[in-house]
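Peer 1: The lines below spell out each chain.
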Amino acid sequence: MKHLTQEQIVLHCYGDASDGDGINQHLQECSQCRAEFDKVKAVLAEIPPTVVPEPPAYLEQKLWLNLRDKLSSEKPARWHGLFARSRWALGGAVAALVVAAFLAGRFWPNKAPEQKTNNLAQVNPQRVVLVAVGDHLERSQMLLIEIMNTDPKDRGDLSSEQELARNLLDSNRLYRVSAQKSGDPAIVPVLDELERVLAEIANAPSDPTARDLEEIRTRIQSQNLLFKIHVVHSNVAKERETSSQPAVNQKL
Amino acid sequence: MEVTDAAIVAQVLAGDRDAFRVLVDRHSRNLYYVAYRMTGNEQDSEEIVQETFLRAYKALERFEMRANFGTWIYRIAVNRTLDFLSTKKTHMQKTYQITDEPDPEKNHEIQVETSQPGPDRMLLSAEMKAKMTQALGLLTAVERVAFTMRHMEGKSIEEISKALNVRTSAAKNSIFRAVQKIREQLEPLVSVAR
Numbered sequence: 026m027k028h029l030t031q032e033q034i035v036l037h038c039y040g041d042a043s044d045g046d047g048i049n050q051h052l053q054e055c056s057q058c059r060a061e062f063d064k065v066k067a068v069l070a071e072i073p074p075t076v077v078p079e080p081p082a083y084l085e086q087k088l089w090l091n092l093r094d095k096l097s098s099e100k101p102a103r104w105h106g107l108f109a110r111s112r113w114a115l116g117g118a119v120a121a122l123v124v125a126a127f128l129a130g131r132f133w134p135n136k137a138p139e140q141k142t143n144n145l146a147q148v149n150p151q152r153v154v155l156v157a158v159g160d161h162l163e164r165s166q167m168l169l170i171e172i173m174n175t176d177p178k179d180r181g182d183l184s185s186e187q188e189l190a191r192n193l194l195d196s197n198r199l200y201r202v203s204a205q206k207s208g209d210p211a212i213v214p215v216l217d218e219l220e221r222v223l224a225e226i227a228n229a230p231s232d233p234t235a236r237d238l239e240e241i242r243t244r245i246q247s248q249n250l251l252f253k254i255h256v257v258h259s260n261v262a263k264e265r266e267t268s269s270q271p272a273v274n275q276k277l
Numbered sequence: 003m004e005v006t007d008a009a010i011v012a013q014v015l016a017g018d019r020d021a022f023r024v025l026v027d028r029h030s031r032n033l034y035y036v037a038y039r040m041t042g043n044e045q046d047s048e049e050i051v052q053e054t055f056l057r058a059y060k061a062l063e064r065f066e067m068r069a070n071f072g073t074w075i076y077r078i079a080v081n082r083t084l085d086f087l088s089t090k091k092t093h094m095q096k097t098y099q100i101t102d103e104p105d106p107e108k109n110h111e112i113q114v115e116t117s118q119p120g121p122d123r124m125l126l127s128a129e130m131k132a133k134m135t136q137a138l139g140l141l142t143a144v145e146r147v148a149f150t151m152r153h154m155e156g157k158s159i160e161e162i163s164k165a166l167n168v169r170t171s172a173a174k175n176s177i178f179r180a181v182q183k184i185r186e187q188l189e190p191l192v193s194v195a196r
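Residue numbers (this note's numbering), protein chains in the order written: chain F, 26 to 277; chain G, 3 to 196.
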């Protein structure tokens, strides 16, 4: 009698051997092959299962933050040239119309102009944005300084800082997207870097280990983030002052 | 109703890069589990998942809209893991050689476990795990991936051969060789257990 090969036996354990019926038949008749088959089955049954640890809760966010930059350096997979450009142009036009409609509704005098107070007519939308970005940068700066100054040995509970980081993360996204659309080259990379650090703080354990904290701090330091935020914040403050000049002059 | 993966792919192909994030949100965890089963390392798994999405993005126009995006990206992940394991093989062998040496600390760990209830079984289980880790270190990248897909994930030979882009006979042979190597390591312990 021709015995089964080792390969036939192993594959039959998984039901993958090509002549399953023939092998079954043989196993009923041949005690030697059946003993071998039982041995392989026993080994396979004893293989310990791989316990996969849960990935970090912020896995998706972390992946996306890393991917986003890399994708931007890649050409979109299929770019329909003119069609795509016209889609963007159309999107831009619609967005511009929406913004214009909003601003018109907000600032267009709906009563007789002479009855309006001067203050309301002189609100400068650009200044409003600059004030908001300035405040955002200032709050972010304070949070990062706080993290940098936390003693790793007495780090306590970071939940309030994390709450603040989450709030800042949302507004940061808005400002980054706006800055990208307006093509402001100076502010976009800083907001981008800030977003990553804020996400890292927001998603860190609320009772971080000294190592967790050290990682965040290293990231802040290695990117000179505090310095960059300080520079952008100063520039924004200057611009804010400049944009407020006409209103002051008009008042005078 | 949830937007289908195919619709999101179409959106990305039309130029909406940020829509790709939805696919990352939907599939990254499953891919992470797959990568971890094959590499046994969290950091490596994250790296593999990231590379997988990057490759998928670059190859998105080759995705057949009628196909299942999950299956498609799974195959990319398997290939990425295969590349990863191939390049890491040297390192893994070194690790294996080190753990193969008599290690007093390791022996100590096992002795500590024997002091707990059900010592024989626990000791065997710990040894089994250690031997399995060693056995996996002996497998080639293809053997390891094929074996994991078949044994741990219950994928069919056809799925494995498609993912690895090899004939079914080659996929079967890889699984066979993997089982033989694992058997060599585990069999002495299995006979003790029985």
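Don't read these hints as lab results, they were simulated from the structure.
The reader is advised that the hints may include incorrect statements.
[As the list claims (entries may be wrong)] Computed cross-link-like contacts, EDC-like style, restricted to lysine to aspartate or glutamate with a CA-CA straight-line distance of at most 20 Å: (1) F:K66 <-> F:E54; (2) F:K95 <-> G:D46; (3) F:K87 <-> G:D122; (4) G:K133 <-> G:D122; (5) G:K133 <-> F:E71; (6) F:K64 <-> G:D7; (7) G:K131 <-> G:E53; (8) G:K60 <-> G:D20; (9) F:K263 <-> F:E220; (10) G:K60 <-> G:D7; (11) F:K87 <-> G:E189; (12) F:K64 <-> G:E49; (13) F:K95 <-> F:E188; (14) G:K183 <-> F:E186; (15) G:K133 <-> G:E189; (16) F:K87 <-> F:D195; (17) F:K87 <-> G:E53; (18) F:K87 <-> G:E44; (19) G:K164 <-> F:D41; (20) F:K87 <-> G:E129; (21) G:K183 <-> F:E71; (22) F:K66 <-> G:E189; (23) F:K95 <-> F:E85; (24) F:K87 <-> F:D209; (25) F:K206 <-> G:D20; (26) G:K157 <-> F:E85; (27) G:K60 <-> F:E220; (28) F:K95 <-> G:E49; (29) G:K131 <-> F:E61; (30) F:K206 <-> F:E220; (31) F:K87 <-> G:E49; (32) F:K253 <-> F:E188; (33) F:K64 <-> G:E129; (34) F:K87 <-> F:E239; (35) F:K95 <-> G:D20; (36) G:K183 <-> F:E61.
From a predicted model like this one, the values you see are computed outputs, not experimental measurements.
Peer 1: Take the hints in turn and mark each one as holding or not.
Peer 2: Verification of the supplied hints:
1. F:K66 <-> F:E54: holds (18 Å)
2. F:K95 <-> G:D46: Roughly 18 Å separates the two Cα atoms, so the pair holds.
3. F:K87 <-> G:D122: Answer violated: K87 (chain F) to D122 (chain G) is near 43 Å, above 20 Å.
4. G:K133 <-> G:D122: Measuring from Cα to Cα gives roughly 16 Å; hence the hint holds.
5. G:K133 <-> F:E71: holds (12 Å)
6. F:K64 <-> G:D7: This hinted pair is violated, its Cα atoms lying about 45 Å apart.
7. G:K131 <-> G:E53: Violated - the C-alpha atoms of E53 (chain G) and K131 (chain G) are around 29 Å apart, more than 20 Å.
8. G:K60 <-> G:D20: Given pair K60 (chain G), D20 (chain G) holds - Cα atoms ~14 Å apart, limit 20 Å.
9. F:K263 <-> F:E220: Given that 20 Å is the threshold and the Cα spacing comes to 23 Å, the pair is violated.
10. G:K60 <-> G:D7: Judged against 20 Å, a Cα distance of about 16 Å means the pair holds.
11. F:K87 <-> G:E189: violated (42 Å)
12. F:K64 <-> G:E49: This hinted pair is violated, its Cα atoms lying about 38 Å apart.
13. F:K95 <-> F:E188: With Cα atoms ~29 Å apart, K95 (chain F) and E188 (chain F) exceed 20 Å; violated.
14. G:K183 <-> F:E186: Roughly 52 Å between the alpha carbons, so the hint for K183 (chain G) and E186 (chain F) is violated.
15. G:K133 <-> G:E189: holds (10 Å)
16. F:K87 <-> F:D195: holds (15 Å)
17. F:K87 <-> G:E53: holds (13 Å)
18. F:K87 <-> G:E44: Given pair K87 (chain F), E44 (chain G) holds - Cα atoms ~14 Å apart, limit 20 Å.
19. G:K164 <-> F:D41: Holds, because 16 Å separates the two Cα atoms, which is no more than 20 Å.
20. F:K87 <-> G:E129: violated (36 Å)
21. G:K183 <-> F:E71: Distance ~14 Å between K183 (chain G) and E71 (chain F) Cα, so the pair holds.
22. F:K66 <-> G:E189: Roughly 11 Å between the alpha carbons, so the hint for K66 (chain F) and E189 (chain G) holds.
23. F:K95 <-> F:E85: holds (15 Å)
24. F:K87 <-> F:D209: violated (25 Å)
25. F:K206 <-> G:D20: holds (14 Å)
26. G:K157 <-> F:E85: Since the Cα atoms of K157 (chain G) and E85 (chain F) sit roughly 25 Å apart, the hinted pair is violated (cutoff 20 Å).
27. G:K60 <-> F:E220: violated (25 Å)
28. F:K95 <-> G:E49: holds (14 Å)
29. G:K131 <-> F:E61: violated (23 Å)
30. F:K206 <-> F:E220: OK: K206 (chain F) and E220 (chain F) at ~17 Å, within 20 Å.
31. F:K87 <-> G:E49: holds (11 Å)
32. F:K253 <-> F:E188: violated (23 Å)
33. F:K64 <-> G:E129: holds (19 Å)
34. F:K87 <-> F:E239: holds (18 Å)
35. F:K95 <-> G:D20: holds (12 Å)
36. G:K183 <-> F:E61: holds (16 Å)
Figure legend: structure checked against the earlier numbered hints; hints not met, in rising order: 3, 6, 7, 9, 11, 12, 13, 14, 20, 24, 26, 27, 29 and 32.
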